[in-house]
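Spelled out from the first residue to the last, the chains are:
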Amino acid sequence: MQGGGENATTIDERHSSRVTVEVNGASREVTLDNRTTLLDALREHLDLTGAKKGCDHGQCGSCTVLLDGRRVKSCLVFAVTVDGRSVVTVEGLAGPDELSPLQAAFIAHDAFQCGYCTPGQLCSARGMLDEVSRGWPSAVTGDLNTPAKLTDAEIRERMAGNLCRCAAYPHIVAAVRQTAASS
Amino acid sequence: MSTGAVGRAYPRLEGAAKVTGTARYAVEYPVDGVTYGWAVPSAVVRGRITRIDTTEALASPGVLAVVHHGNAPRMAPGPQPELRLLQEPTVHYRGQYVAVVVATSLEAAREGARLVRIDYDTGPHSTVLTDDHPGLYKPDQVNPSYPTDTAEGDFDAGYAAAPVRVDVTYRTPAYHNNPMEPHATTAQWHDGRLLVHDSTQGATPVRATLAELFELPPESIRVVAEHVGGGFGSKGYAKASVVLAALAARHMDRPVKLALTRQQLFGPVGYRTPTIQRVRLAADTDGRLTAICHDAISQTSTIREFAEQTAVYTRSMYAAPHRRTTHRLVRLDVPTPFWMRAPGECPGAYALESAVDELAIAVGLDPVELRIRNDTAVDPDQGRPFTSRNLVACLREGAQRFGWAGRDPSPRAGRDGRWLIGTGVAGSSYPARARPSTATATARPDGSFLVQINATDIGTGARTAIWQVAADALGVPPERVEIRIGDSALPTAALAGGSMGTASWSWAVIRAAQALREKLRDGGPPTGEVTAEADTTEEVGGQPALPRYAYGAQFVEVRVDADTGEVRLNRMLGVFAAGRVVNPTTARSQLIGGMTMGLSMALHEEGLLDERYGDWVNHDLATYHITGCADVESIEAYWLDERDDELNPAGVKGIGEIGIVGAAAAVANAVHHATGVRIRELPIRLDKLIGISDLA
Chain A
10 MQGGGENATT IDERHSSRVT VEVNGASREV TLDNRTTLLD ALREHLDLTG AKKGCDHGQC
70 GSCTVLLDGR RVKSCLVFAV TVDGRSVVTV EGLAGPDELS PLQAAFIAHD AFQCGYCTPG
130 QLCSARGMLD EVSRGWPSAV TGDLNTPAKL TDAEIRERMA GNLCRCAAYP HIVAAVRQTA
190 ASS
Chain B
26 MSTGAVGRAY PRLEGAAKVT GTARYAVEYP VDGVTYGWAV PSAVVRGRIT RIDTTEALAS
86 PGVLAVVHHG NAPRMAPGPQ PELRLLQEPT VHYRGQYVAV VVATSLEAAR EGARLVRIDY
146 DTGPHSTVLT DDHPGLYKPD QVNPSYPTDT AEGDFDAGYA AAPVRVDVTY RTPAYHNNPM
206 EPHATTAQWH DGRLLVHDST QGATPVRATL AELFELPPES IRVVAEHVGG GFGSKGYAKA
266 SVVLAALAAR HMDRPVKLAL TRQQLFGPVG YRTPTIQRVR LAADTDGRLT AICHDAISQT
326 STIREFAEQT AVYTRSMYAA PHRRTTHRLV RLDVPTPFWM RAPGECPGAY ALESAVDELA
386 IAVGLDPVEL RIRNDTAVDP DQGRPFTSRN LVACLREGAQ RFGWAGRDPS PRAGRDGRWL
446 IGTGVAGSSY PARARPSTAT ATARPDGSFL VQINATDIGT GARTAIWQVA ADALGVPPER
506 VEIRIGDSAL PTAALAGGSM GTASWSWAVI RAAQALREKL RDGGPPTGEV TAEADTTEEV
566 GGQPALPRYA YGAQFVEVRV DADTGEVRLN RMLGVFAAGR VVNPTTARSQ LIGGMTMGLS
626 MALHEEGLLD ERYGDWVNHD LATYHITGCA DVESIEAYWL DERDDELNPA GVKGIGEIGI
686 VGAAAAVANA VHHATGVRIR ELPIRLDKLI GISDLA
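Chains as they are written, first to last, in my numbering: chain A, 10 to 192; chain B, 26 to 721.
There may be inaccurate statements among the hints.
[As the list claims (entries may be wrong)] From chain A, some residues computed to sit far from chain B (all C-beta separations above 12 Å):
#1 42
#2 86
#3 124
#4 136
#5 165
[Unchecked claim] Pair ranges (Cβ atoms, derived):
#6 93(A) / 135(B): 24 to 30 Å
#7 146(B) / 21(A): 35 to 41 Å
#8 29(B) / 95(A): 53 to 59 Å
#9 109(B) / 23(A): 26 to 32 Å
#10 502(B) / 106(A): 52 to 58 Å
#11 544(B) / 106(A): 39 to 45 Å
#12 29(B) / 106(A): 29 to 35 Å
Think of the hints as simulated: they come from the structure by calculation, not from any bench.
Glycine residues also receive a C-beta, built at the ideal position from the N, C-alpha and C atoms.
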């Protein structure tokens, strides 16, 4: 992307940093303005526009990616803080030849319409399923002494940080439920 | 010969691109030498810019320019004055874009925008809608071109003479569309030609507006909108982002990407006006309506008149001998309100379908039965028979699926521990329209076909639906059909709005396919490409003006916490009659999406305006609440098989908006049934219900 190169020439060296980060399994090295968020680094410097900018304030979830395996809102993460860490975006969810079961389930259940929140929903769901498998409770988990079961109420609660104005919510829940059941 | 593609539940054609992140939206195309624009909003409501000091901004690293009324390229005056941005120092409302900072990076542009110093002379402002505002007036017509007032019979006499009367006033706040993708544009000029990638519901109207503003022939402008992250009306015509990006790119002679921030969407790109609606209903003791009056008040800006057609729903929904509807408007120092999903019908149905519920209680009649009793085969407004009207069938089917029979009508009859349980119903309707479009169909020597039309898929499933229609019209398996949409270089077509996309586009596609088959019939298999085109302008324009409407019935069960007043949706069920359904998968998604937005309207959304600052204070997604995943426990949409031969060749009515019509009333009616409390001012927040346990 042009933005990256030009940026580096106009921003004082004291205000920029060389960042090395593993993105979707590949090591990437880029010089970034220290103010750059992980979201903008992905979108404007690494040509990974899958993560979306819906609010830039951590309020909508469209920018959700996995950072060292955990879901984060990439608009709230400064890119300089991910030096040496690992990021997975929606572009990294599929296998080399086929969609992941979660992605396939999203298509099968029509769990999106405009598609703008979808990359965030997918990364959030992936991170959330991992949290459940680790036994992390949510606000609706009744008994904290036994592992949380992935009921629909649990899915709804755990996916509540990802807004969808098209309101594909019941289909998102169905897609996540199916993915969890078959894995 | 049909291949049966229409009616089948195909997954979306762009599904894989959307779930892998490869579908590109407006500011996601790689562009050499791109720069970044950041809009600067006015910090005052009404006034005049006396000085813009750009020294500090321009000294900030990476900032290339500050474009404002003093240096911006000139634009022609046009029919949309709010788009003539950066042309004059006048400020009409708080948040009006008064400058654009262009920089080499997003960070530099944002910082530069913070550093622009603007001085204003300010004047007094009026930004709050009231029912006694001195500026109330009667507009010449209401959106898009309905009569402002209507009257049949003698409402006053009919109302006064009736044994049962309801006189109630409902209020709705400003609602903000908030598509997940903010309005965004990439603009680039090459040799006097303009290319924009824009987040819009219609590339053709955007091109027309840009041609007017920049005084260019439309052929020298290309607008691409392949993937659009929602619109809900707010991207129905050219909006500020495309104008600002094009202006800035021309000023810079470099490509500019400009995305509005989420905060900048609250107002300047349009919103649903607040409304104040007085509804008076009169009936005989059997619940037959004798008099209906709906008086609606809404607001517009000082720049342009937009008159929401709030009471139009009431003109055709239920019959009565004495009827009157009126619209009054106030010009306030606010951004111009605009379309939001089912403008007019949505707020109007909230009021009417709530009032009908109140009437049913006053009469002592089941609200489903009262609606059935007031059904009409003839449009009370036009005096002609509806081409099809299956409201009663929707009510009956919905009641059966929902389990309405045997409902105890008494408020507070249902209880489950601390939860009060209630159910509610409302009717829905929305006009079935079509607009002229053009399309081409091409046969290729390899046996495949290409269909091209500048339709837009803002998430509706339009691309897939048109593809299915095209396959059937060509008489070939859909796998052999390629569809191209979302580009003004394609044959011009209607925008995605007014629930008329599929009706309009399929009409042109079917005619193009028929013309192609006619051409191919004369010869053998083509040796080269054979193309046929169609333009439905004459045919659509020549269609008789009949009352064409889709209908629905929505049923809701809520639970209300008796101590805190918290309202939760247990379940929501809608049954619709909307002509032929092209794709059950995408149709269901659209219907539940509309219903959910109605739930959101009833319980969650509210633009809170602070008169001191003349702006909405909750202008982000943390403070302007929209329904989230945890709020929707069960929501179902069904439809009836409906055939109507007086619609369009595909026999479709449109389903993008009807889901939101009546939905909020169904929720509010259920809350009343649960609590015995009638909230006539949306949203139904818990503070309006708190203390209800005292009534127990």
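Okay, the hints, checked on the actual structure:
1. Look at residue 42(A): its CB is around 5 Å from the nearest CB on chain B, not clear of 12 Å, so calling it non-interface is violated.
2. Distance to chain B confirms residue 86(A) as a non-interface residue, since its nearest Cβ pair spans about 15 Å, more than 12 Å.
3. Separation of residue 124(A) from chain B is inadequate, the least Cβ-Cβ distance of about 3 Å not exceeding the 12 Å criterion.
4. The beta carbon of residue 136(A) is kept farther than 12 Å from every beta carbon of chain B, the shortest such distance being approximately 15 Å.
5. Distance check on residue 165(A): its Cβ comes as close as 5 Å (rounded) to a Cβ of chain B, failing to clear the 12 Å threshold; non-interface status is violated.
6. At roughly 27 Å, the beta carbons of residue 93(A) and residue 135(B) sit within the given window of 24 to 30 Å.
7. In this structure the supplied range 35 to 41 Å holds for residue 146(B) paired with residue 21(A), their Cβ-Cβ distance being about 38 Å.
8. For residue 29(B) paired with residue 95(A), a C-beta distance near 48 Å fails the hint of 53 to 59 Å.
9. Separation of residue 109(B) from residue 23(A) is about 42 Å and departs from the stated range, judged on CB atoms against 26 to 32 Å.
10. At about 25 Å, the beta-carbon gap between residue 502(B) and residue 106(A) misses the expected band of 52 to 58 Å.
11. Distance hint check for residue 544(B) and residue 106(A): the Cβ-Cβ separation is about 41 Å, which falls inside the suggested range of 39 to 45 Å.
12. The supplied range of 29 to 35 Å is met by residue 29(B) and residue 106(A), whose beta-carbon atoms lie about 31 Å from each other.
The structure fails to meet hints 1, 3, 5, 8, 9, 10 from the earlier list, while all remaining hints are met.
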